[in-house]
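The primary structure of each chain is shown beneath.
2 protein chains.
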Amino acid sequence: MGRWEPNAGQRLQAAGLELFEERGYEQTTVADIAAAAGLTERTFFRYFADKREVLFSGSSELRERMVAAVREAPEGSTPLEAVAAALDATAKVFAERHVHARRRQQVLAANPVLAEREAAKMSLMVGDLSAALRERGVVEPTATLTAEIGVLAFRTGFAQWLEEGGSLAEVFPRVLAQLRAAATA
Amino acid sequence: MGRWEPNAGQRLQAAGLELFEERGYEQTTVADIAAAAGLTERTFFRYFADKREVLFSGSSELRERMVAAVREAPEGSTPLEAVAAALDATAKVFAERHVHARRRQQVLAANPVLAEREAAKMSLMVGDLSAALRERGVVEPTATLTAEIGVLAFRTGFAQWLEEGGSLAEVFPRVLAQLRAAATA
Numbered sequence: 001m002g003r004w005e006p007n008a009g010q011r012l013q014a015a016g017l018e019l020f021e022e023r024g025y026e027q028t029t030v031a032d033i034a035a036a037a038g039l040t041e042r043t044f045f046r047y048f049a050d051k052r053e054v055l056f057s058g059s060s061e062l063r064e065r066m067v068a069a070v071r072e073a074p075e076g077s078t079p080l081e082a083v084a085a086a087l088d089a090t091a092k093v094f095a096e097r098h099v100h101a102r103r104r105q106q107v108l109a110a111n112p113v114l115a116e117r118e119a120a121k122m123s124l125m126v127g128d129l130s131a132a133l134r135e136r137g138v139v140e141p142t143a144t145l146t147a148e149i150g151v152l153a154f155r156t157g158f159a160q161w162l163e164e165g166g167s168l169a170e171v172f173p174r175v176l177a178q179l180r181a182a183a184t185a
Numbered sequence: 001m002g003r004w005e006p007n008a009g010q011r012l013q014a015a016g017l018e019l020f021e022e023r024g025y026e027q028t029t030v031a032d033i034a035a036a037a038g039l040t041e042r043t044f045f046r047y048f049a050d051k052r053e054v055l056f057s058g059s060s061e062l063r064e065r066m067v068a069a070v071r072e073a074p075e076g077s078t079p080l081e082a083v084a085a086a087l088d089a090t091a092k093v094f095a096e097r098h099v100h101a102r103r104r105q106q107v108l109a110a111n112p113v114l115a116e117r118e119a120a121k122m123s124l125m126v127g128d129l130s131a132a133l134r135e136r137g138v139v140e141p142t143a144t145l146t147a148e149i150g151v152l153a154f155r156t157g158f159a160q161w162l163e164e165g166g167s168l169a170e171v172f173p174r175v176l177a178q179l180r181a182a183a184t185a
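In order, the protein sequence lines correspond to chains E and V.
First residue of the first sequence? That's 1 in the numbering used here, and the numbers climb one at a time after it.
First residue of the second sequence? That's 1 in the numbering used here, and the numbers climb one at a time after it.
Possibly wrong hints are sitting among the right ones.
[Claimed, not checked] Within a straight-line C-alpha distance of at most 27 Å, the following computed BS3-like cross-link-like pairs (lysine-lysine) qualify:
(1) Lys-121/V - Lys-51/V
(2) Lys-51/V - Lys-121/E
(3) Lys-92/E - Lys-121/E
(4) Lys-121/V - Lys-51/E
(5) Lys-121/E - Lys-121/V
(6) Lys-121/E - Lys-51/E
(7) Lys-121/V - Lys-92/V
(8) Lys-51/V - Lys-51/E
Worth flagging that the hints you see were computed from the coordinates, not collected in a lab.
Keep in mind that this is a model prediction, so the values were computed, not measured.
Please model the entire structure based on the sequences and the hints provided.
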């Protein structure tokens, strides 16, 4: 497995983001990222399946937190309340990450292939949340539709927060209320 | 511009879908599709920018119909009613296309790169619908959220229709009602 490298994953993420910003995503190779982090390509591939994953490795952890929050929502919560708890759980992850999240967003916006992967990750989020809701006894189509509404609130709220800053934990309830109003008007 | 070929676009679409099903999407080339349709590669590229577009060329026309329906919705319609009219307008397009839509869906499901493009097309649909709503005087964030709800209803209803058949025009109002219930529970 090669020698142990302290914080290798984080170093590769930081180096990757910086190179994507400076040179452009297409112009950056895995070898460039590894070299900038003072690591080998071999080490890179122990942490990431490909170049894109440098920007997406946090997303499965995020989904796990959301699923855990749905599972732990108080008995008797409505499906939408359980999903609101999942959104609130993500707010903590991003509390200190506004600058990083904006930099990442700019790289995504400049590269359609990355924006498409982001969209695909959102589909995984819908799948995970709806499965967690079904575990709680929520039936279809309510489970999937509530998960979809939750992910829509996540995307919308996250975009607002990227723009405006402030507290993500305050943004999500506001967006859910706006969505409710739009869906019933 | 080369000689005129009757229904060249449709012949290429039909040949492409058939080859994607038989050989697989990755294993099919533009040259294969053109040959199967009895046309040249040169003709192919007059109709489609790339191999993927064979499956997506209808999507911009679909968005245009939706935008037209939003524009033509009666004065005094709520944003959600205008979006419901856009969904209803798409139902007509697919009235005779259930078999084709299912075949296309199976090719998409087997190829992540195609599923990602489908998701990207849905983002374009959100953008077009929200712009059409803003033209009607709907303000943000209502315009975008209502467009998002509309596209969510479109995706969900379309998937149900692929599965169950029947009339898409009856599916959409039912899904919108389910969404309303999920968003307010």
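Here's how the hints hold up against the structure:
no.: 1; hint: Lys-121/V - Lys-51/V; verdict: holds (16 Å)
no.: 2; hint: Lys-51/V - Lys-121/E; verdict: holds (24 Å)
no.: 3; hint: Lys-92/E - Lys-121/E; verdict: holds (19 Å)
no.: 4; hint: Lys-121/V - Lys-51/E; verdict: holds (24 Å)
no.: 5; hint: Lys-121/E - Lys-121/V; verdict: holds (16 Å)
no.: 6; hint: Lys-121/E - Lys-51/E; verdict: holds (16 Å)
no.: 7; hint: Lys-121/V - Lys-92/V; verdict: holds (19 Å)
no.: 8; hint: Lys-51/V - Lys-51/E; verdict: holds (25 Å)
Against the hints set out earlier in the document, no violation occurs for any number.
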